[in-house]
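Residue numbers (the numbering used here), protein chains in the order written: chain Z, 1 to 378; chain P, 1 to 378; chain Y, 1 to 402; chain H, 1 to 402.
Note that these hints are calculated values from the structure, not bench results.
Since this is a predicted model, take the numbers as computed values, not measurements.
Don't take each hint at face value.
[Stated by the list, open to error] Straight-line alpha carbon distances no greater than 25 Å define the calculated BS3-like cross-link-like pairs of lysine-lysine that follow:
| # | chain 1 | residue 1 | chain 2 | residue 2 |
| --- | --- | --- | --- | --- |
| 1 | P | K274 | H | K196 |
| 2 | Y | K397 | P | K274 |
| 3 | H | K196 | H | K113 |
| 4 | H | K144 | P | K263 |
| 5 | Y | K144 | Z | K274 |
| 6 | Z | K274 | Y | K183 |
| 7 | P | K274 | H | K397 |
| 8 | P | K263 | Z | K274 |
| 9 | P | K274 | Y | K184 |
| 10 | Z | K274 | Y | K14 |
| 11 | P | K306 | Y | K14 |
| 12 | Z | K306 | H | K14 |
| 13 | H | K196 | Z | K263 |
| 14 | Z | K274 | P | K306 |
| 15 | P | K306 | Y | K299 |
[Claimed, not checked] Label pairs and their calculated CB-CB ranges:
| # | chain 1 | residue 1 | chain 2 | residue 2 | range |
| --- | --- | --- | --- | --- | --- |
| 16 | H | E329 | Y | D352 | 16 to 26 Å |
| 17 | H | P134 | P | Q28 | 23 to 33 Å |
| 18 | H | T238 | Z | D256 | 25 to 35 Å |
| 19 | P | K263 | H | E232 | 50 to 60 Å |
| 20 | H | E329 | Z | F26 | 31 to 41 Å |
| 21 | P | Q28 | H | E42 | 53 to 63 Å |
| 22 | P | K274 | H | E329 | 20 to 30 Å |
| 23 | H | E329 | Z | G269 | 29 to 39 Å |
| 24 | Y | R16 | P | G146 | 57 to 67 Å |
A virtual CB, placed ideally from N, CA and C, is assigned to each residue, including glycine.
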Amino acid sequence: MPSLSSEERQQLHDSLLELLGDKYTFEQWKKIARSPGGEGFGRAEWKEFAEMGWLGIALPEEVGGSAGGLTELGIIMAAVGRFILLEPFLGTVVLGASAIEKAGTEQQRQMLSEVAAGKLLLAFCHGEPGGGYARDWVKTVATRDGAGYVLTGEKGFAIGAHAADQLIVSARIGSENGPVGLFLVPRSAAGVALNQAPALDGRPGATVTLAGVKVGADAKLGTSDSDRLGVIDEVIDRGVIMACAEAVGAMASVTDQTVEYLKTRQQFGQPLSKFQVLQHRLVDMSVSTEEARAIVHAALQALDDKTRDAQRLVWMAKVKTAQCARFVGGQGIQLHGGMGMTDELSIGHYYKRLTMCETLFGDSEWYLRQLSLRRDAA
Amino acid sequence: MPSLSSEERQQLHDSLLELLGDKYTFEQWKKIARSPGGEGFGRAEWKEFAEMGWLGIALPEEVGGSAGGLTELGIIMAAVGRFILLEPFLGTVVLGASAIEKAGTEQQRQMLSEVAAGKLLLAFCHGEPGGGYARDWVKTVATRDGAGYVLTGEKGFAIGAHAADQLIVSARIGSENGPVGLFLVPRSAAGVALNQAPALDGRPGATVTLAGVKVGADAKLGTSDSDRLGVIDEVIDRGVIMACAEAVGAMASVTDQTVEYLKTRQQFGQPLSKFQVLQHRLVDMSVSTEEARAIVHAALQALDDKTRDAQRLVWMAKVKTAQCARFVGGQGIQLHGGMGMTDELSIGHYYKRLTMCETLFGDSEWYLRQLSLRRDAA
Amino acid sequence: MFIRTVEHDTSLDKFRAEVRDFCERELPSVIREKQKRGQHLEKHEYISWLQRLGSRGWNTGKWPKEHGGLGWEPAQFLAFQEELGRAGAPPLMSFGPTMAGPVIYTFGNEAQKRQHLPGIIKGDLWWCQGYSEPGAGSDLAALKTRADRDGDDYIVNGQKIWTSTAHWADWMFALVRTDQTAKKQEGISFILIDMKTPGITVRPIIGITLGHHLNEVFFDNVRVPIANRIGEENKGWTYAKFLLANERVGNVDVAKVEGNIEQIRQLMAETREAGKPLSDDPTFNRRLAELEVGLATVKALMADQLAAARLSGAPSLMGAAALKLRGTELQQGILQTGLDVLGRHGMVYQSDALHAGWNGEMIGPESSADVIYEHLYRRAATIYGGSSEVQKNIIAKGALGL
Amino acid sequence: MFIRTVEHDTSLDKFRAEVRDFCERELPSVIREKQKRGQHLEKHEYISWLQRLGSRGWNTGKWPKEHGGLGWEPAQFLAFQEELGRAGAPPLMSFGPTMAGPVIYTFGNEAQKRQHLPGIIKGDLWWCQGYSEPGAGSDLAALKTRADRDGDDYIVNGQKIWTSTAHWADWMFALVRTDQTAKKQEGISFILIDMKTPGITVRPIIGITLGHHLNEVFFDNVRVPIANRIGEENKGWTYAKFLLANERVGNVDVAKVEGNIEQIRQLMAETREAGKPLSDDPTFNRRLAELEVGLATVKALMADQLAAARLSGAPSLMGAAALKLRGTELQQGILQTGLDVLGRHGMVYQSDALHAGWNGEMIGPESSADVIYEHLYRRAATIYGGSSEVQKNIIAKGALGL
């Protein structure tokens, strides 16, 4: 798998931190998040990220990407986490783009150049009410309608769906027992109804009701009618590991912020950082971050190397990262005391984002179950 | 249920601590435990406990007992735990005696006066290989033989079986589908073979093979052939809560010992007890002990009051006590450092005994499972 | 070990029935409905309910009879809380009945008792707690808000922070520094402040819940009569600690915790994984069982503390600390489990749904917003009333002599 | 984040096959059999195997070639350990190859290298570690054993404790105080002591395992040539820390941990609950999965440390501390799970079965005694090599600047 050298990775990492540290301050974050009538993220910022080449990092060169590996995309997602960026990386660059790349025709894959250019926003609408985290629970049906299809069903909450240009919708082709296909559905198509709501972390998204939505034949990703659950599995795994990478960046920031806060906060005549109990807590936060970083790195590499145990490593990384995120996020608030409880400080927002990363695509208990059920895959 | 007043309980408690603190020092403990060719406990001590009235505390007055409640027996078991007494309280006074009391005929119950007098040692031989902690797993069969029975089967490891005068053996009457009865089997009866071995805590016990052991009609506890699984359930529950009470006493001692050790052990120019991390660890040990004490007390009272939720409380007490015992025992060793690892100091022996109490009759996970399966019983 | 006898009181069955019956008749349907939906009450709604309870003396049932209470035994108070919880009534208010009241009747003078106790008993007035300051969190005694004598008044200047429901409060009990030179615990006085006094500014703090519960309170030359001081000048720390022990026991509202578990059980039944309800899932059931074990333990610890309080007038500082530690951990554990269920609905947080009149469409189970609100709010449970770390310091020093 | 590239080396497959083949042919059947039963090896058995490994240079494969090693990359060393584990070979010995050796080739002089490295490479000689003392546990630098100059010798007096396998050792590397007046870290020297020197008494400590592994070692006017000092006098603390970082990485034997998990999996299959094997039990399977996640994490941390060691000659003190923390917690977690299985067999501990020639009847699965022994022995894993608390102090100071 092509990927950048260590030096190029270091440069990418440095440029992310430099630009974001400079421009994406927490004050700026609040402005974007709270902009009245806004979409919950910054269009201008998205454009700038595109110009930096970040959106196309893992896309093929022929669509304007850098042909980097998932490790490189992971470096970007870690920075996304470190600054709790509000822009739709997961929905568009990770899930949406990989669905199109893996399942789309040559022509459909041309859309990826618009992704790389920051001109196309995507949302991956797969999960459904009643399915929980199960990946194969699809009740939405795409019945044939001439050369095209009519989609009917309900899709669960997806962050960013409210602003996506195209929804990528899974549906069973022909009947409720048919193979699962993936369809491009314009958000503005007739029959698409969104129930917009914020997630725990305040990011808007929506559930989607498809009431006889007519789409053309070319709305289906790929040409065959074969079952796409395998592709969906890969797309979700990519979402999993990228949410983990994001969490690792967020945890690193929480740990840093908490160390700094305790060094300055005076109580009982000395900085809180002088209390051994708090020192050890910070150590546990730091080591937890390091644990997650190490196993996420190992999983990214396994994906890039396409090793046999890659999926299992991704799931293991999810388990460990979720557990660490819970601990680090919770302690971030605890050690900030009352300050951790206000909406004005960043620490609570990191906590919320970590909670999202922890549960997106399945929580640690769910993956432990999957790991124990599919031990033979090891 | 008759039980002593708070003042009488306090007196009982004080007399236990006074006598045992005086006579059952750890040096004495080692002498008893390591006596070459010994039985692993002290016969002389047992006699003395009988004279103090401790063995009959919860037995009826007509057999020489004090007609105390289980709360009083719990006070004794807590002292047993505090001094990690080696004598067969659980097997004889708790399990054996209650089986006879609950299932025996008037005549059989006369044996209890020998228990109270310290002249009869019992072992409760119920669990079997392959059964795990399941309480209804009985494959041993008692086929009829004239007026008596012939017992055939295998019983799992029971502490104290090596020295018991009578084994109380569960067996299915008539055939492998028959009702479960309880039988008194002299350890010396023909056809009884013991495989003696030490448990983790060094206390000897044995597995028992019954190869066509002939016993008389009066060996069966009670006269009817009705199923005794209900009685067995109650006997085991009594074992559970008394093992918990024992663990509470042992935890209190571990906490005290560790506090004392850290107050004297100098490192980095000050007593270890001055390090905040260790202070908070001791607090967690102390609070854990207190939690276990509180819920065990609540369960003892529920048993004495025969409330509807008594069994559920006993199981909950087991879960909590086992979890606390694991923590307290483990930290006892950890905070003693290398000293915790030698066979010469008491702390390792407390650790081992706590491990036994934790797992006897089922561990915390097993009871959590039972609690969640029988939620309707709440 | 196992020495104290807690009597098993079946005579409470009648009392329980009385409470049930009362709630049935008296709990306003708007409150009942809001409670069911996890919606937040307006102050006037809350007060109207507290006044009804007050008509029976139930807000302060556990107070001694001599001070206008009903002299309830611990078991009766627990039973009362349980029945309220089961009836879907709002939790009891603690600022007046559990915190201010006992300090006033224990350390206050006759005039103060006459002035303040009836309002607390009747449920008319709302209290808040002026303890924390920007520079005094864990280190409460480092507080700087000062009260300087001027004739018959103190002139109060300074700032309190994290003041729950200060925007609703009629009165605040507050710690202020009356001696600037003494060692920090020794220059503190305990005073009662009428929140309508000129010079007080209450500024909202929006929490991570997105709700307004906390406040900053600023004092700019606020005149408080010296007659409003409880007990002796500069002895406020003693009363503060007395109050804290009560507060910590009060931090653990057993009925509320029980209600939370019930709520989670319900969430599990309403949430499906590949079509099957989570209430069939062994892992979730195991967690539920573990939470129930935690509840039983906290109840047992609570029974001890209430018995101790009955014997000696207050819970032990050590016992209260242990109870607060484990009670708040349990609360967080329960609400974490709730969140783990809600992940399956996309972790949507429709905080607007917490207010009456919202007419959006709920995503996921009806209680979702309430559970997430509570989860976020209770992150503070191990911080407020003295953080868990502070509780452990207290036990280390006080109980273990470290 | 995610910057370093660890190459994925398929060329190791051939090496792995070579190790497998070697073990197949060279591992004595008596060792293989004992390993399978979890029985303890005699010293001569262990040495005979180490000598065979030594004939290939494999004891010290990760040493640089210039010092007689094979210059293995981290991945090759991990692969080697894994194959040994799978073949049922005993774990590698760390005192010589991981601890003494690297200190000697990094800080020792030519004569010392000539004298000591070949014996470590060949696997002929047994080393032990003279660090802990009765008054110097966590506070290692408080050690008191003194070495006073007398001509060309040091005269050593004092006591070491918790000395693993001192009763087998030919040599000890030890920390001794050579300056009684300097600040505690600054008066320490690192010396090599021939265990046959007159004046040394080794006294066994029977552990809670009931086995003899630990010792006290007494020094009564023991003459050690000054030529046996590594590096400069009074600079021993520097070498000691270098060694500790290696020791801590060595504390986590990944192959052994992997073997333990396999052992537990086997125990689960052999143990029944109401007739059904525990390997069908979802709770146990969940725990197994969690242990596997822990193992994967520790492996990832280990790969990092080995890479760091390759780049800079030694693992980072911080990274080694983190790895030691989590690695030993994992080990204890695995062995606790083993114990939880064995509770179902009555928690019998037939420690005699750990020695060859025992002909009793085993109660429960064949590995029971070994698992309990290991469980008890590994209680010390969070104590030896610097307790977990000490590791956290190291990270707090060194990595977080607290």
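Against the structure, the hints:
1. P:K274 with H:K196: Answer violated: K274 of chain P to K196 of chain H is near 41 Å, above 25 Å.
2. Y:K397 with P:K274: holds, 11 Å
3. H:K196 with H:K113: Roughly 20 Å between the alpha carbons, so the hint for K196 of chain H and K113 of chain H holds.
4. H:K144 with P:K263: holds, 22 Å
5. Y:K144 with Z:K274: holds, 23 Å
6. Z:K274 with Y:K183: Distance ~22 Å between K274 of chain Z and K183 of chain Y Cα, so the pair holds.
7. P:K274 with H:K397: With a Cα-Cα distance of about 18 Å, the restraint between K274 of chain P and K397 of chain H holds, given a limit of 25 Å.
8. P:K263 with Z:K274: Since the Cα atoms of K263 of chain P and K274 of chain Z sit roughly 22 Å apart, the hinted pair holds (cutoff 25 Å).
9. P:K274 with Y:K184: holds, 23 Å
10. Z:K274 with Y:K14: Given pair K274 of chain Z, K14 of chain Y is violated - Cα atoms ~56 Å apart, limit 25 Å.
11. P:K306 with Y:K14: holds, 21 Å
12. Z:K306 with H:K14: holds, 21 Å
13. H:K196 with Z:K263: violated, 53 Å
14. Z:K274 with P:K306: violated, 53 Å
15. P:K306 with Y:K299: Holds, because 19 Å separates the two Cα atoms, which is no more than 25 Å.
16. H:E329 with Y:D352: 16 to 26 Å: Check failed, 44 Å falls outside 16 to 26 Å.
17. H:P134 with P:Q28: 23 to 33 Å: 26 Å Cβ-Cβ, so the 23 to 33 Å window holds.
18. H:T238 with Z:D256: 25 to 35 Å: At roughly 30 Å between Cβ atoms, D256 of chain Z and T238 of chain H fall inside 25 to 35 Å, so the hint holds.
19. P:K263 with H:E232: 50 to 60 Å: violated, 39 Å
20. H:E329 with Z:F26: 31 to 41 Å: holds, 35 Å
21. P:Q28 with H:E42: 53 to 63 Å: For E42 of chain H against Q28 of chain P, whose Cβ atoms are near 36 Å apart, the range 53 to 63 Å is violated.
22. P:K274 with H:E329: 20 to 30 Å: Roughly 26 Å apart at Cβ, these two residues keep to the hinted range, so it holds.
23. H:E329 with Z:G269: 29 to 39 Å: holds, 35 Å
24. Y:R16 with P:G146: 57 to 67 Å: holds, 59 Å
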